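Chains as they are written, first to last, in our numbering: chain A, 2 to 241; chain B, 51 to 360.
In case anyone wonders, no lab produced these hints; they're calculated from the structure.
Treat the hints with care, as some may be off.
[Claimed, not checked] Which stretches of chain B does chain A cover? Using the computed rule of at least three CB atoms under 8 Å from a CB of chain A, they are:
no.: 1; segment: 139 to 146
no.: 2; segment: 218 to 230
[Said to hold, decoys possible] To be clear about the criterion: a stretch of chain A counts as covered by chain B if any three or more of its residues have a C-beta under 8 Å from a C-beta of chain B, and this derived list gives those stretches:
no.: 3; segment: 67 to 73
no.: 4; segment: 79 to 89
no.: 5; segment: 164 to 178
[Unchecked claim] FRET-style restraints, in silico, Cβ to Cβ:
no.: 6; chain 1: A; residue 1: 136; chain 2: B; residue 2: 128; range: 42 to 48 Å
no.: 7; chain 1: B; residue 1: 208; chain 2: A; residue 2: 74; range: 31 to 37 Å
no.: 8; chain 1: B; residue 1: 244; chain 2: A; residue 2: 29; range: 29 to 35 Å
no.: 9; chain 1: B; residue 1: 208; chain 2: A; residue 2: 123; range: 48 to 54 Å
Since the structure is predicted, the reported quantities are computational estimates derived from the model, not experimental observations.
For glycine and all other residues, C-beta sits at the position ideal for the given N, C-alpha and C.
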Amino acid sequence: MMLRIEGVTKNFGGLQALSRVSMAFASGEFVGLIGPNGSGKTTLINCISGLYRPDAGCVRFGRETISHLSPHRIYRLGIGRTFQIAKVFNRLTVLENLRIPALTGGRLRRREVEARSREILEQVALAQHALVNAESLSGGQQKLLEIGMVMMTDPEILLLDEPFAGVHPELKTRLEGYLRRLNREGKTIILVSHEMASVFRMCQRLVVLDHGVLLADGPPEAVRSDERVISAYLGGRRET
Amino acid sequence: MNRVIPSLLLIAAAAFPLFFRQYWLYVVTIGLYYAILASSWSMLAGQVGLISFAHAAFAGIGAYTSALLVIHLGLPIPVTMLAGAMAAALVGLGIGALTLRMRGPYLALTTLAFSEIFRIFITAEYELTQGSIGLKVPLILGGSKPLSYYTGLGLFLVTLATLAGVLRSRVGLFLVAMREDEDGAETRGVNTVSYRLIAFVLTSAFAGLAGGFYAHVVGLVSPQMTRIGEMGLILAMSVFGGLESLLGAALGALILQGLTEYLRIFTEWRLAIFGALVLCILRFAPAGILPTLYLYGEQALSRWVSRAPR
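The task is simple: from the sequences and hints, build the whole structure.
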């Protein structure tokens, strides 16, 4: 397995956001991480990407334990992430936003960075906005830009936190197509989303969290009919 | 417009000693010391988002290091000034390494405490520093006022060029990104702690360099130059001129230094007047004097161009 979560626990004061959560992700998987609000999805993403340090347990990437590393090192190892509210740098141009991740590792030369930026701009359909400030983009375009930024260094794993929230349907279709393509090219994608239609359309496997506990893990059809999942989502009533 | 104002300022600065001698030349030379401090502090606060209250103390470290090396080892003044800058950078590295890993007000609190500790130390260590009486220091270039002025101008331009060069490089891009969203920058691979530390050490070094220059222009270094009121003055100069503009902060320093002389009769009330001025600037031109001048200049220029016959 490429990425392993081993008994991760995270507390915030008296609130247990994650309780001994374990799971593993293989290379090239497209996994949906779902659960009701407050179930611990974003906390888990934050633990994987290094923004939170688990109180117990660990995260392993390949053979390396990464849960003690800072976020920039985890990104450079090949785990990129996006946020529920896109974190783009508003006062910088779209092109400058893309340059930042590529320049941090020092692996790409300036000319290679330019070429890669142009390539990504085409992929996320922002080529005509290259020189405008990121703050002028729509919310959906900012989400595309954020994924583009993450992709600048070609990470192996993408952690996407609500990439479809607030995105125009046309852009959502484009975004879905882009993510499918990345997955076909071998990227491991872990998708946190409340857009169930998209999740069921795209993911090969679903992991369900509820109140910080792993509730279910398996193929979408099996998870959909799982009593505990139905109970968590519908408050005990069975879907008709 | 972006080149016109700096070019005019540079010409005016080069020609200044031709029209002003002795007193005003000396006032502006001291103004250049403050200009280095204000522009380097504005880079730290305005571009990186770090608030340090030890900039005057770093100038003090540079001044005392340079003074002590000249007095005890007889080293040439340019060498001791560079040593002063390095000493300030080293202390900055120590303080930064301790505090910059944490977010929040820790840098501000630590630098405030350090500033006071340093002032008390140099006041108390009479054997070494002559306490509050101060150390008499040899003057730079034999005390020639025009040459001191040009040395200050040169140091100021080096400071400005270095800081502007850093801001235009990839490091500058990272600094802007960090100020906009630290988590965003960190998760895109930016080592935010290291770049904050680079910015803090660099600006501390320039404060130390300015301090060394000041020591050999005034001929006396005393704990007065490190008191918190001096830090308040640097802060007021930066905000007045433009916190996000290196040149603006420098201009703010020169204007307030000039005002200091005009308002000398008000003694300590000068600081209250500066405080009121800063409040007015924050209310009516929050970006500072220079960026606001740019804005009005551009608007006037575009109006003039649109009215011109075709």
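So, going through the hints one by one against the coordinates:
1. 139 to 146: Not satisfied, violated; 0 residues make the cut.
2. 218 to 230: The restraint on the segment 218 to 230 of chain B holds, since 6 of its residues have a Cβ under 8 Å from chain A and three suffice.
3. 67 to 73: Holds: 3 residues of the segment 67 to 73 of chain A have a Cβ under 8 Å from chain B.
4. 79 to 89: Result for this restraint: holds, n = 5.
5. 164 to 178: violated (count 0)
6. A:136 / B:128: 42 to 48 Å: holds (46 Å)
7. B:208 / A:74: 31 to 37 Å: holds (35 Å)
8. B:244 / A:29: 29 to 35 Å: holds (34 Å)
9. B:208 / A:123: 48 to 54 Å: Given range 48 to 54 Å: violated, Cβ gap about 43 Å.
Hint check: violations occur at hints 1, 5, 9; the rest are consistent with the structure.
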